[in-house]
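Colleague: Modelling step: build the complete structure from the supplied sequences, incorporating the hints.
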Amino acid sequence: MARNENGYLVRVLVYPRAEVLDPQGRAIEDALGRIGFDGVERVRAGKSFEVSLRALSRAEASEAIDRMCRQLLANPIVEDCSVEWLSE
Amino acid sequence: MKCGIVVFPGSNCDHDVYHVLKRVLEQEAIFLWHQDTSLRECDLVVLPGGFSYGDYLRAGSMAAHSPIMAAVRRHAEAGGRVLGICNGFQMLLEAGLLPGAMRRNRNLRFLSVDVHLRVERNDLVYSCGYRRGEVLRMPIAHAEGNYVDTDAALDELERAGQVVFRYVDADGSVAPAANLNGSKRSIAGVCNARGNVLGLMPHPERCAEDVLGNGDGLALLAGAVRGPLLGRGGDEWRALVEGERPAPARRFDATPDRGGRAGRLAAAVAGSKS
Numbered sequence: 001m002a003r004n005e006n007g008y009l010v011r012v013l014v015y016p017r018a019e020v021l022d023p024q025g026r027a028i029e030d031a032l033g034r035i036g037f038d039g040v041e042r043v044r045a046g047k048s049f050e051v052s053l054r055a056l057s058r059a060e061a062s063e064a065i066d067r068m069c070r071q072l073l074a075n076p077i078v079e080d081c082s083v084e085w086l087s088e
Numbered sequence: 001m002k003c004g005i006v007v008f009p010g011s012n013c014d015h016d017v018y019h020v021l022k023r024v025l026e027q028e029a030i031f032l033w034h035q036d037t038s039l040r041e042c043d044l045v046v047l048p049g050g051f052s053y054g055d056y057l058r059a060g061s062m063a064a065h066s067p068i069m070a071a072v073r074r075h076a077e078a079g080g081r082v083l084g085i086c087n088g089f090q091m092l093l094e095a096g097l098l099p100g101a102m103r104r105n106r107n108l109r110f111l112s113v114d115v116h117l118r119v120e121r122n123d124l125v126y127s128c129g130y131r132r133g134e135v136l137r138m139p140i141a142h143a144e145g146n147y148v149d150t151d152a153a154l155d156e157l158e159r160a161g162q163v164v165f166r167y168v169d170a171d172g173s174v175a176p177a178a179n180l181n182g183s184k185r186s187i188a189g190v191c192n193a194r195g196n197v198l199g200l201m202p203h204p205e206r207c208a209e210d211v212l213g214n215g216d217g218l219a220l221l222a223g224a225v226r227g228p229l230l231g232r233g234g235d236e237w238r239a240l241v242e243g244e245r246p247a248p249a250r251r252f253d254a255t256p257d258r259g260g261r262a263g264r265l266a267a268a269v270a271g272s273k274s
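Chains as they are written, first to last, in the numbering used here: chain C, 1 to 88; chain D, 1 to 274.
Mixed in with the good hints there might be a few duds.
Claimed, not checked - Have a look at the derived ranges for each label pair, beta carbon to beta carbon:
hint: 1; chain 1: C; residue 1: TRP85; chain 2: D; residue 2: ARG74; range: 37 to 47 Å
hint: 2; chain 1: C; residue 1: ARG58; chain 2: D; residue 2: THR37; range: 34 to 44 Å
hint: 3; chain 1: C; residue 1: ARG54; chain 2: D; residue 2: LEU108; range: 35 to 45 Å
hint: 4; chain 1: D; residue 1: ASP36; chain 2: C; residue 2: ALA31; range: 43 to 53 Å
hint: 5; chain 1: C; residue 1: ARG67; chain 2: D; residue 2: SER173; range: 40 to 50 Å
Keep in mind that the hints were calculated from the coordinates and are not lab data.
Quick reminder that beta carbons are idealized off the backbone N, C-alpha and C, glycines included.
Modeller: Here it is, written out as structure tokens:
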């Protein structure tokens, strides 16, 4: 790690956009109903990534994470990205 | 025409495309590696089907960022021909060279079956060997072929005429039962605004020889390599494509059979090399 860099640990959550059909979530939802969980109204199936990275500041790390989401981790046509900071 | 087939880790239709281009259509064909940075002066670039990078993250997403894709992007932007089949179509979407995205098939199953396609436009090099509205039979083999985009983007796609192939029933009508993967508006293949980049989920390379019992896909690949000449001989070519149905395959022979419908088309392409 370079002298002024800090380590950050970030969790990136990627879910299908609300208006996009989520066949996996729907299948899980149906299965939960079949095994008796009548109260389940909606299941969305998504992905979770833990990314540890080095950056000079939290702002710089945040900017890098935003670009990762747009360019690779999520497909903005069908997915939304959200970020949780696990450590800084 | 010099054709380059890009091989990614996990590609599995690369040799099928090579076979059709090299042996059936008798073009110059080479394999390009995903880590290459040059297309080695290929005129046509094919991104083949398969499971590049094991379909990690999203189908085609890792391949879309591999080193060769910068060269593919420059080629496409300069008007060069780029054809993406199945996983190759997914790569073109992930790379932003074509609009839209893929979701899991509606029934969450891998679909390996013949489907019917309707040709929505035949003024592209890839589709000029077909009639507009013609119904083709081609195999699909994918788990993520459920084409989606926003309604506004789909309206724009239709308005611009970028829908090239649609899933239909045998009579050529759009029907939910014929749209197995659940694609929006039954879209099976789209092109960019300029028409030089085409992506489709069905596999024309798997139905491009009479010996296989289905030659419907050959005209697409023949058009991709011979498109410019079709301005002159479009009708002549379509006559070749539309000739009698291929005879059922009786034997396996590594030598392309020139007698049937696809064979006559192949012979015409091979006999008029650029």
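Colleague: Are TRP85/C and ARG74/D spaced within 37 to 47 Å by their CB atoms?
Modeller: Holds, since TRP85/C and ARG74/D (Cβ atoms, about 38 Å apart) stay within the stated range.
Colleague: Per the hint of 43 to 53 Å, is the separation of the Cβ atoms of ASP36/D and ALA31/C within bounds?
Modeller: holds, 45 Å
Colleague: Does the Cβ distance between ARG54/C and LEU108/D fall inside 35 to 45 Å?
Modeller: holds, 39 Å
Colleague: Looking only at beta-carbon atoms, does the pair ARG58/C, THR37/D fall within the given range of 34 to 44 Å?
Modeller: holds, 35 Å
Colleague: Can the suggested window of 40 to 50 Å be confirmed for the beta-carbon pair ARG67/C and SER173/D?
Modeller: holds, 45 Å
Hint violations for this structure: none, all hints satisfied.
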